[in-house]
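K.L.:
Here is what each chain is made of, one letter per residue.
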Amino acid sequence: MIIVESPGYCTTLQDKGRFGFRHLGVPLAGPMDRQAFVLANSLLPHEMDSCVFECTLIGPRFRLEKKVRFVVTGAPISVLLNGVELTMNKVYTAPDNSILELRKVLKGMRSYLRFEAELISPVVLESKSFYTPITPQKCIAKGDIFPYLSTSVGIEKSNAQLRVNDGYLLATKLTVSPGLDWGLLTNEQQDLLLSETHMVEAQNRMGYRLSSKVKVNAPALLSQLVIPGMVQLTPGGKLLVATADCQVTGGYLQVLQLEITSLNSLVQKREGDVLTFRNIHP
Amino acid sequence: MSKDYKILKITPSVYSLHFMEGLKPSIELSILELRKLFPAGTEITNTFNRINLIFHNEYQMDDVVSKVSEIDFNMKGAEGQKRTWKIPICFDSIFPNDLVEIYDGNPQKINAYRAVFLATTFRLEWYGFLPGFGYLSGLPKELHLDRKRNPSPLTRKGTVGVGGAQVGVYPQDSPGGWQNLGNCPLPWINFLEKPYVFITVGDSVRFYEVDLTTHKKIALSVKRGNYQPNYEDA
Numbered sequence: 001m002i003i004v005e006s007p008g009y010c011t012t013l014q015d016k017g018r019f020g021f022r023h024l025g026v027p028l029a030g031p032m033d034r035q036a037f038v039l040a041n042s043l044l045p046h047e048m049d050s051c052v053f054e055c056t057l058i059g060p061r062f063r064l065e066k067k068v069r070f071v072v073t074g075a076p077i078s079v080l081l082n083g084v085e086l087t088m089n090k091v092y093t094a095p096d097n098s099i100l101e102l103r104k105v106l107k108g109m110r111s112y113l114r115f116e117a118e119l120i121s122p123v124v125l126e127s128k129s130f131y132t133p134i135t136p137q138k139c140i141a142k143g144d145i146f147p148y149l150s151t152s153v154g155i156e157k158s159n160a161q162l163r164v165n166d167g168y169l170l171a172t173k174l175t176v177s178p179g180l181d182w183g184l185l186t187n188e189q190q191d192l193l194l195s196e197t198h199m200v201e202a203q204n205r206m207g208y209r210l211s212s213k214v215k216v217n218a219p220a221l222l223s224q225l226v227i228p229g230m231v232q233l234t235p236g237g238k239l240l241v242a243t244a245d246c247q248v249t250g251g252y253l254q255v256l257q258l259e260i261t262s263l264n265s266l267v268q269k270r271e272g273d274v275l276t277f278r279n280i281h282p
Numbered sequence: 001m002s003k004d005y006k007i008l009k010i011t012p013s014v015y016s017l018h019f020m021e022g023l024k025p026s027i028e029l030s031i032l033e034l035r036k037l038f039p040a041g042t043e044i045t046n047t048f049n050r051i052n053l054i055f056h057n058e059y060q061m062d063d064v065v066s067k068v069s070e071i072d073f074n075m076k077g078a079e080g081q082k083r084t085w086k087i088p089i090c091f092d093s094i095f096p097n098d099l100v101e102i103y104d105g106n107p108q109k110i111n112a113y114r115a116v117f118l119a120t121t122f123r124l125e126w127y128g129f130l131p132g133f134g135y136l137s138g139l140p141k142e143l144h145l146d147r148k149r150n151p152s153p154l155t156r157k158g159t160v161g162v163g164g165a166q167v168g169v170y171p172q173d174s175p176g177g178w179q180n181l182g183n184c185p186l187p188w189i190n191f192l193e194k195p196y197v198f199i200t201v202g203d204s205v206r207f208y209e210v211d212l213t214t215h216k217k218i219a220l221s222v223k224r225g226n227y228q229p230n231y232e233d234a
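Read top to bottom, the protein sequences are chains A and B.
Anchor point for the first sequence: position 230 equals 230 in the working numbering, and the numbering is continuous, going up by one each time.
Anchor point for the second sequence: position 135 equals 135 in the working numbering, and the numbering is continuous, going up by one each time.
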């Protein structure tokens with residue numbers, strides 16, 4: 001069992017997400033940083049379960065009752081196993097009755113903790129990904145218990161370590177392509193959007209709000225499909241970038257679409273960080 | 001024949017079929033045809049004027065174009081059984097009522113609005129915004145209400161709202177910019193059992209007024225899991 005001694009700052013459980021339910025208005029969910037998620041699953045594959053704990057800025061402290069292998073990927077974070085400092089992207093074995101503690105994220109925003117185990121947590125609409133009110137919880141809480149079926153008992157400590165490309169974590173030039181409503185902007189507005197520096201004003205799992213000087217008199221648009229990575233411009237001159245838990249539809253101008261790698265870079269940004277866009281299809 | 005739709009590429013794995021004004025295809029029949037043409041597991045969603053194809057992997061624009069060109073969007077055919085759902089709405093004053101502000105508290109105008117609303121047959125066009133938030137069309141023009149200038153930070157679960165020409169019932173507490181008419185004690189989605197929603201795209205919806213006692217009764221039977229929504233076959 002995993003016993004949550006300290007939940008950290010909004011730690012959630014995420015698997016691949018709820019592909020196939022958007023026609024009911026259900027968000028995709030799943031990990032914000034899919035690259036870190038895939039890396040964690042590559043380092044510790046498990047055919048029954050792709051779940052990771054997504055940690056935001058401050059990680060959790062867990063008591064682990066039974067021996068289990070684990071790995072931490074994504075934003076660099078200080079990790080202690082029974083008081084001993086560990087390395088990112090490297091598989092370790094926690095012995096019976098361990099304390100695993102993820103402290104502060106050092107650079108970036110989101111770190112991923114994966115156990116080589118099948119975690120027991122409610123499966124709703126074919127996914128364990130936290131999203132209220134579909135799942136009971138928004139974040140894990142102190143005292144929560146996650147039973148797990150570990151397959152790693154008896155396996156010796158592995159040194160499996162992939163070559164990790166983590167340059168994207170700190171990238172500030174994000175690659176975009178024109179969105180469906182790009183043509184509704186004037187040339188001046190387009191140029192400004194691509195040349196100005198945008199600051200992260202607010203963020204959560206639904207999306208990132210970025211500053212912009214572009215002002216539009218947007219026509220009233222019908223609500224349309226919104227997918228993670230879509231950059232919408234509000235009449236108030238804010239950019240809203242849709243991320244994992246984004247609403248499935250929205251009515252703002254769809255000006256740009258982030259490339260997948262750049263979306264992973266974006267979700268590692270904190271409030272106050274700055275970035276620029278680079279258009280790959282002028 | 002000139003094409004009455006265009007295909008929009010959002011990403012290499014996400015496309016939208018945009019129907020030009022004037023073309024009113026049967027979304028239901030079109031989606032059935034699209035399901036036959038594209039790989040199993042492709043997500044197909046729709047809004048008022050678009051059908052969206054969301055593939056698991058990259059898909060070539062040319063292949064989308066050629067497959068979609070096989071479909072006659074003017075097709076007529078037997079659609080599934082359409083139902084008209086009877087949905088309770090409570091106008092009790094314990095629920096926020098934005099008509100008071102809109103009509104300066106004039107009870108005649110508020111009652112007149114409600115009478116036309118209750119006499120209207122709506123159509124479920126699609127689900128979006130929140131899990132189980134259905135967009136209803138059919139609101140008579142004189143009942144259209146502009147969205148709030150400043151969205152309210154909390155709109156309660158069950159709120160029946162009007163945003164422009166659209167009507168919807170909030171499936172959960174949420175910020176909301178639509179004008180509140182009353183409250184519906186019946187949730188439109190459950191997350192535990194297929195088909196998850198009882199009103200399907202293309203079905204009709206009629207609201208009927210219930211008092212607070214009935215509202216509470218319905219809410220209680222929903223909680224106990226023994227409330228069956230009422231419908232008439234069209």
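Hints may contain errors.
[What the hints assert, rightly or not] Result set (BS3-like, lysine-lysine): computed pairs, CA atoms no more than 30 Å apart in a straight line: (1) A:K238 <-> B:K217; (2) B:K36 <-> B:K194; (3) A:K142 <-> B:K157; (4) A:K138 <-> B:K216; (5) A:K213 <-> B:K36; (6) B:K9 <-> B:K86.
Rather than coming from a laboratory, the hints here were simulated on the basis of the structure.
K.L.:
Against this structure, judge whether each hint is valid.
P.N.:
Against the structure, the hints come out as follows:
1. A:K238 <-> B:K217: Measuring from Cα to Cα gives roughly 44 Å; hence the hint is violated.
2. B:K36 <-> B:K194: Distance of about 22 Å is within 30 Å: holds.
3. A:K142 <-> B:K157: Holds, at about 28 Å.
4. A:K138 <-> B:K216: holds, 28 Å
5. A:K213 <-> B:K36: violated, 46 Å
6. B:K9 <-> B:K86: violated, 39 Å
In terms of the numbered hints stated before, the structure departs from hints 1, 5, 6, listed from lowest to highest.
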